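Participant: Sequence:
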Amino acid sequence: MTPAGLLLIVPVGRAADVVPLDGLAAALTRVLGVRCAVAEEGLDAAFAWDSGRNQYHSTRLLERLTREYATGFRILGVTAHDLYVPVLSFVFGEAQVSGLCAVVSTHRLREEVYGLPADHELLLDRLTKEAVHELGHTFGLRHCDDWTCVMASTNSVERLDIRTATFCERCRPAVERVLRGR
Numbered sequence: 003m004t005p006a007g008l009l010l011i012v013p014v015g016r017a018a019d020v021v022p023l024d025g026l027a028a029a030l031t032r033v034l035g036v037r038c039a040v041a042e043e044g045l046d047a048a049f050a051w052d053s054g055r056n057q058y059h060s061t062r063l064l065e066r067l068t069r070e071y072a073t074g075f076r077i078l079g080v081t082a083h084d085l086y087v088p089v090l091s092f093v094f095g096e097a098q099v100s101g102l103c104a105v106v107s108t109h110r111l112r113e114e115v116y117g118l119p120a121d122h123e124l125l126l127d128r129l130t131k132e133a134v135h136e137l138g139h140t141f142g143l144r145h146c147d148d149w150t151c152v153m154a155s156t157n158s159v160e161r162l163d164i165r166t167a168t169f170c171e172r173c174r175p176a177v178e179r180v181l182r183g184r
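Heads up: take any position in the sequence shown, counting from 1, add 2, and you land on my numbering.
Keep in mind that the hints were calculated from the coordinates and are not lab data. Treat each hint with caution, since some may be false.
[Stated by the list, open to error] Computed Cβ-Cβ distance ranges for the label pairs, DEER-style:
| # | residue 1 | residue 2 | range |
| --- | --- | --- | --- |
| 1 | Val89 | Thr68 | 36 to 44 Å |
| 2 | Arg37 | Asn157 | 29 to 37 Å |
| 3 | Tyr116 | Thr73 | 32 to 40 Å |
Quick caveat, the model's predicted, so the values are computed rather than measured. Every residue gets a Cβ at the ideal spot worked out from N, C-alpha and C, and that includes glycine.
Let's have the full structure, built from the sequences with the hints guiding it.
Facilitator: So, in structure tokens, the structure goes:
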């Protein structure tokens with residue numbers, strides 16, 4: 003059972019092997035000002051595997067996270083698996099707009115995927131931005147046209163690196179309303 007007011011980070015697959023989830027919890031606490039905890043038991047993602055695409059269907063992961071964990075403020079699944087939705091070749095993450103759950107992937111956030119040396123600090127920065135972005139969707143926000151806002155749409159790590167981990171002046175009031183009402 004997840005205490006009310008708590009953002010629960012759920013490892014999906016072997017996410018904790020790629021990035022320390024307690025570091026993500028600390029970053030999200032700083033950015034959002036909410037209590038965060040990492041679930042002791044994670045979620046096995048095998049049910050969401052699509053052998054035709056060699057990827058995991060993020061919407062199916064969201065559905066399972068909702069059923070098994072959604073009793074607190076918000077649930078964030080974190081995976082090292084490559085994610086997709088049917089209309090796109092990949093996604094960094096997906097969220098239930100105005101819902102309780104989001105999921106993010108470290109797979110395409112890692113420098114090694116692009117033939118570069120590992121950079122754990124950059125990975126945590128990218129993961130934090132993507133997690134805040136997807137959680138922003140759970141707060142009811144859509145994509146923002148300010149490229150530095152965390153809610154800006156991204157389809158590459160280069161664009162993700164341009165954004166900050168914070169909400170712009172237009173997006174922030176909506177987030178504050180949700181956070182006050184928790």
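Participant: Mind listing which of the numbered hints don't hold for this structure, in increasing order?
Facilitator: 1
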